[in-house]
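Chemist: I would like the entire structure built from these sequences, with the hints used as guidance.
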Amino acid sequence: MCSRFSVISPPQAIKELFDLETEASFPPREHVAPTEPIMIVRNSQANKRELVLVRWGLIPHWVKDPDDFALIINARAETLLEKPSFRTSIAHKRCLIPADAFYEWSGPKNNRQMHKIEQINQAPMAFAGLWDHWLGADGSEFESAVIITVGANREVAPVHERMPAIIEQKDFENWLDVKNVRAKEALKLLKPVNEGFLRVKDYERTATKNKKPPRQGDLF
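The letter at position 140 of the sequence shown is residue 140 when you use this note's numbering, and the numbering goes up by one with no holes.
Watch out, some of these pointers could steer you wrong.
[Said to hold, decoys possible] No more than 30 Å apart at the CA atoms, straight line, and that leaves these computed lysine-lysine pairs for BS3-like:
hint, residue 1, residue 2
1, K83, K64
2, K93, K170
3, K188, K116
4, K170, K191
5, K201, K83
6, K93, K201
7, K93, K48
8, K191, K48
9, K179, K93
10, K93, K109
[Said to hold, decoys possible] Pair ranges (Cβ atoms, derived):
hint, residue 1, residue 2, range
11, S140, N110, 36 to 46 Å
12, E21, E168, 34 to 44 Å
13, T35, Q113, 37 to 47 Å
FYI, nobody ran anything at the bench for these hints, they're computed from the structure.
The structure displayed is predicted, hence computed values, not measured ones.
C-beta atoms are modelled at their ideal positions from N, C-alpha and C, and glycine is treated no differently.
Modeler: This is the structure in structure tokens:
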């Protein structure tokens with residue numbers, strides 16, 4: 001599960017990585033938490049990449065009352081075609097989520113160790129994500145997103161069994177192109193990142209009582 005990540009790269013670095021036409025203007029954030037705004041990159045109706053802010057925690061379009069729906073921050077790649085919350089989005093609303101690192105915890109409950117997991121070269125990367133647009137009966141609306149997870153690779157496995165699905169730059173367009181790349185083909189891109197891509201390092205000591213996970217829905 002990924003419940004915290006960071007995005008601290010300069011806007012120009014994000015613009016170049018995702019080949020955006022406009023600069024990504026945003027403040028650096030070391031600890032992004034569920035329900036907070038996050039950046040996603042997606043293809044616009046004009047088939048150009050756009051960077052938009054959405055809420056982290058997917059609310060499918062068919063939900064009647066978001067307050068009564070359990071928060072979904074992660075989605076297992078293995079069940080995307082099975083679960084109603086994701087079936088429409090994997091086919092029509094795929095996105096990339098810029099990030100510099102994600103965090104996991106290990107150790108006994110009374111003495112948890114926080115780990116920061118980042119690229120070896122500390123460059124930004126792209127998590128695979130899904131988004132959706134919710135419209136209420138009263139006209140209220142918002143967009144939200146979820147991070148897709150896969151089984152951990154060898155570097156991450158000692159601290160957690162799952163990790164975000166990281167999309168390589170060469171595969172960005174195949175993931176984002178929902179008009180021409182069908183869901184079953186896109187799913188082939190969801191796999192543990194190659195060994196040697198990431199490094200795991202101790203970040204800080206953190207007490208369990210300060211790290212309660214949010215209410216979760218279809219995480220697993």
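Chemist: Now tell me, hint by hint, if it's right for this structure.
Modeler: Checked hints:
1. K83 with K64: holds (17 Å)
2. K93 with K170: holds (19 Å)
3. K188 with K116: holds (27 Å)
4. K170 with K191: holds (15 Å)
5. K201 with K83: The hint is violated at about 34 Å.
6. K93 with K201: violated (33 Å)
7. K93 with K48: holds (14 Å)
8. K191 with K48: With Cα atoms ~26 Å apart, K191 and K48 stay inside 30 Å; holds.
9. K179 with K93: With Cα atoms ~10 Å apart, K179 and K93 stay inside 30 Å; holds.
10. K93 with K109: Measuring from Cα to Cα gives roughly 38 Å; hence the hint is violated.
11. S140 with N110: 36 to 46 Å: holds (43 Å)
12. E21 with E168: 34 to 44 Å: violated (22 Å)
13. T35 with Q113: 37 to 47 Å: Violated: the Cβ-Cβ distance is about 25 Å, outside 37 to 47 Å.
Hint check: violations occur at hints 5, 6, 10, 12 and 13; the rest are consistent with the structure.
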